[in-house]
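Below, each chain spelled out in residue letters.
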Amino acid sequence: MIRLDDVTKIFPGQKTPAVKNLNMEIPEGCVCALIGPSGCGKTTTLKMINRLYEPTGGTIYINGQDVSKMDPIELRLGIGYVIQEIGLFPHLTVEDNVATVPREKKWPKDTIRQNTEEMLRLVGLEPKEFKKRYPSALSGGQRQRVGVARALAADPPILLMDEPFGAVDPITRTRLQNEFLRIQEQMQKTIAFVTHDIDEAIKMADNIAVMQEGSLVQYATPGELLSQPVDEFVAKLVGSDRSIKRLHLIRCREILKKPAGFLRAGTPLEEVRKEIENSKIRIVLIVDGDNMPQGIISAGDLEQRTGRVAGDILREIPDYITGDATLRDAFSMMLEYGQSHVVVTDKNDGCQGYITLGDLLEVMKDDDAF
Amino acid sequence: MTPSKPLRWMLVPLALIIVACLLVGYALKYPTDSLVARLITISNVNKALKEHLGLVFVSMLVAVFTGIAFGIIISRPIFYVFGRVIENVVNLGQTVPSLAILALFYSVLGLGFNVAVFALWLYSILPVLRNTYAGIKNITPDVIEAAKGMGMNPWHILTRIELPIAAPIILAGIRTAIVINVGAATLATFIGAGGLGDFIVTGLSVRRNLVVFTGAGLAAITAIFFDYLVGLVEEHLVHW
Ligand SMILES: Nc1ncnc2c1ncn2[C@@H]1O[C@H](COP(=O)(O)OP(=O)(O)OP(=O)(O)O)[C@@H](O)[C@H]1O
Ligand SMILES: [Mg+2]
Chain U
1235 MIRLDDVTKI FPGQKTPAVK NLNMEIPEGC VCALIGPSGC GKTTTLKMIN
1285 RLYEPTGGTI YINGQDVSKM DPIELRLGIG YVIQEIGLFP HLTVEDNVAT
1335 VPREKKWPKD TIRQNTEEML RLVGLEPKEF KKRYPSALSG GQRQRVGVAR
1385 ALAADPPILL MDEPFGAVDP ITRTRLQNEF LRIQEQMQKT IAFVTHDIDE
1435 AIKMADNIAV MQEGSLVQYA TPGELLSQPV DEFVAKLVGS DRSIKRLHLI
1485 RCREILKKPA GFLRAGTPLE EVRKEIENSK IRIVLIVDGD NMPQGIISAG
1535 DLEQRTGRVA GDILREIPDY ITGDATLRDA FSMMLEYGQS HVVVTDKNDG
1585 CQGYITLGDL LEVMKDDDAF
Chain H
-17 MTPSKPLRWM LVPLALIIVA CLLVGYALKY PTDSLVARLI TISNVNKALK
33 EHLGLVFVSM LVAVFTGIAF GIIISRPIFY VFGRVIENVV NLGQTVPSLA
83 ILALFYSVLG LGFNVAVFAL WLYSILPVLR NTYAGIKNIT PDVIEAAKGM
133 GMNPWHILTR IELPIAAPII LAGIRTAIVI NVGAATLATF IGAGGLGDFI
183 VTGLSVRRNL VVFTGAGLAA ITAIFFDYLV GLVEEHLVHW
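Going line by line, the protein sequences match chains U and H. Residue numbering for the first sequence follows our numbering, starting at 1235 and increasing by one per position. Residue numbering for the second sequence follows our numbering, starting at -17 and increasing by one per position.
To be clear, the hints were calculated from the coordinates, so they are not data collected in a lab. Even for Gly, the Cβ is constructed at its ideal location relative to N, Cα and C. Certain hints may be false.
Below 30 angstroms or equal to it, Euclidean Cα-Cα: the simulated DSSO-like pairs (lysine-lysine) are [stated by the list, open to error]: (1) 1470(U) - 1491(U); (2) 1423(U) - 1599(U); (3) 1254(U) - 1492(U); (4) 1365(U) - -13(H); (5) 1249(U) - 1303(U); (6) 1366(U) - 11(H); (7) 1366(U) - 32(H); (8) 1362(U) - 119(H); (9) 119(H) - 1340(U); (10) 1365(U) - 29(H); (11) -13(H) - 1339(U).
Simulated DEER-style distance windows between Cβ atoms [unchecked claim]: (12) 222(H) - 1259(U): 39 to 47 angstroms; (13) 35(H) - 1306(U): 47 to 55 angstroms; (14) 76(H) - 1248(U): 49 to 57 angstroms; (15) 66(H) - 1458(U): 26 to 34 angstroms; (16) 1248(U) - 35(H): 54 to 62 angstroms; (17) 1324(U) - 77(H): 27 to 35 angstroms; (18) 1291(U) - 139(H): 22 to 30 angstroms; (19) 1306(U) - 76(H): 34 to 42 angstroms; (20) 1272(U) - 139(H): 40 to 48 angstroms.
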């Protein structure tokens, strides 16, 4: 748990405080997003938590302990930190960059090596290809991901991330976000992260702190922020398409439907028809031997298309979504491929079910779902 | 076919050694008169070279260690103002001619090897110190901040981050220092510390150009030789 108690920071020689009487609590295992215009004090707030800056007023507690009374190095070793400017060490390979904190903690060499590869995979960088490179040979987005891997490497219970995915392309970003949500579910880390992307904040955070000119304007759950913005500023920040943003609040796995059956491409059409008639659900999914989705067949397709086996008439699935993705991601995918359904698949367990556009509309109508 | 790496590295030093041998060989074989023949003998060349290298080696060794140490100290944030002052003093010191420094020490400390080493040390510590300071100060602050923010202790930040990143600039300083040092060491003869300067000064006083040329040539070759060696180290150390 992180608690900021009336924290103020005035930089030497400046009149206006960079952070003003900040009161905020991030419960254990929760994700808090800091959002607000440039220069509003987000970075300053993070840096006071790991004592890169000392507050000029107020107290910060971590698990009830006043951080100003803790040894700064001990404190920081327990906090993963992603700096806004990335700050990779230019003279060290990707591998050595990621191993920084584990080495500081004197982990055994073998453990470090395995852990490094795991971390790189986690952020979507193939270790074989990337671990021996120097930061100068990486793209901006790749550097940023190495920065995140480096912060995660020693498995710290607390994470401070300053715009961790800012330079990553939207597709990779969505993937990283979903991956992050998945591991966060298991790890239950206490996380504070800065973002300029309200969608990211709504999707990732349990609580959102909206800051303006050093003050906390609103501190609320994403749902509250969307339904009750405290003032004009917050309302503008969340934007006019609030109902679409709300789709971020629900994960695909929560509303996905099971099809009438998971069938192989070789199944005769009569059998497909039987499955659909028996279960009243008007869709079947066609999967391969690894239970990965190959296509989808609806009752309508059975009428309109002709063939002998399921494989002849299935609609192919251009891409699928994981159960950790949000309905907003599902919606984007439907728009992208011009289809009224998406298939939900987990990397390990294979095909889970499907979501249709109708389901989304249903959810949006029903305000209680949020 | 390009020669393999070690061979390529050896090429320049080998060439320099051959040139030095040719130079000495020529002077030995074709002395312009008996005086030259008496001055340039294998044992004289050996002795002068040994003295010269001794001066350079000892003074450089001390200069590198003290220069880097002082550079590190004045680059610490608490010495901010102090660091700037030292930097300027160092730059100024660099403009004082080496002969003047030697003359100064001669009048204060007297003659001999130790005095020569001391003067050479003082003269070659300057580039090392200045480059260490500049190399550390030039590191982008976010790299240091990241290291600090992740919980690295100050000693590790210095030894694993700051010094390795500043290494190319520090090495460049050492190269400058070594070239200056080898050159300035020819003046050690004035305070009785020997070295290749013996040839130059004696040669000048008896007006035998070949003798002057042998001393100056060997000094120049020595300077290039060490400059190249440190350059190799630099190339080896920096892969990013
Ligand atoms: N080291 C510093 N010394 C003096 N002033 C500073 C320092 N760091 C930040 N400030 C000032 O404090 C204010 C808040 O800065 P901060 O870096 O926290 O903003 P931010 O919310 O992170 O902005 P951005 O979104 O652009 O990163 C700014 O007005 C900035 O100029
Ligand atoms: Mg910032």
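Hints, verified against the model:
Simply put, residue 1470(U) and residue 1491(U) have alpha-carbon atoms about 35 angstroms apart, too far for the 30 angstroms limit, and the pair is violated. With a C-alpha separation of about 34 angstroms, the suggested pair residue 1423(U) and residue 1599(U) falls outside the 30 angstroms cut-off, and the hint is violated. Restraint check for residue 1254(U) and residue 1492(U): not satisfied, since their Cα atoms lie roughly 51 angstroms apart, outside the 30 angstroms limit. Straight-line distance between C-alpha atoms of residue 1365(U) and residue -13(H) comes to about 25 angstroms, which keeps the hinted pair within the 30 angstroms bound.
As the CA atoms of residue 1249(U) and residue 1303(U) are separated by approximately 27 angstroms, the hinted pair is consistent with the 30 angstroms bound. Taking the CA atoms of residue 1366(U) and residue 11(H), the gap is about 56 angstroms. The hint is violated against a cut of 30 angstroms. With a CA separation close to 45 angstroms, the supplied pair residue 1366(U) and residue 32(H) exceeds the 30 angstroms bound. Between the alpha carbons of residue 1362(U) and residue 119(H) the distance comes to roughly 35 angstroms, so the proposed pair goes past 30 angstroms and is violated.
A threshold of 30 angstroms between alpha carbons decides the hint, and for residue 119(H) with residue 1340(U) the separation of about 29 angstroms falls inside it, so the pair holds. Between residue 1365(U) and residue 29(H) the alpha-carbon distance is near 53 angstroms, which puts this suggested pair outside the 30 angstroms criterion. For the proposed pair residue -13(H) and residue 1339(U), the alpha carbon gap of about 38 angstroms is over 30 angstroms, so the pair is violated. Taken as a hint, the range 39 to 47 angstroms holds for the pair residue 222(H) and residue 1259(U), whose Cβ atoms sit roughly 42 angstroms apart.
A hinted range of 47 to 55 angstroms holds for the C-beta pair residue 35(H) and residue 1306(U), which are about 48 angstroms apart. In this structure, residue 76(H) and residue 1248(U) break the distance hint of 49 to 57 angstroms, their C-beta atoms being roughly 39 angstroms apart. The supplied range of 26 to 34 angstroms is broken by residue 66(H) and residue 1458(U), whose beta-carbon atoms lie about 53 angstroms from each other. Distance hint check: the CB atoms of residue 1248(U) and residue 35(H) are about 58 angstroms apart, consistent with the given range 54 to 62 angstroms.
In this structure the supplied range 27 to 35 angstroms holds for residue 1324(U) paired with residue 77(H), their Cβ-Cβ distance being about 34 angstroms. One distance hint, 22 to 30 angstroms for the beta-carbon pair residue 1291(U) and residue 139(H), holds here, with the actual separation near 29 angstroms. Here the CB-CB span from residue 1306(U) to residue 76(H) is close to 39 angstroms, well matched to the stated 34 to 42 angstroms. Between residue 1272(U) and residue 139(H) the C-beta distance comes to about 29 angstroms, which lies outside the given range of 40 to 48 angstroms.
Checked against the numbered hints above, the structure violates hints 1, 2, 3, 6, 7, 8, 10, 11, 14, 15, 20; every other hint is satisfied.
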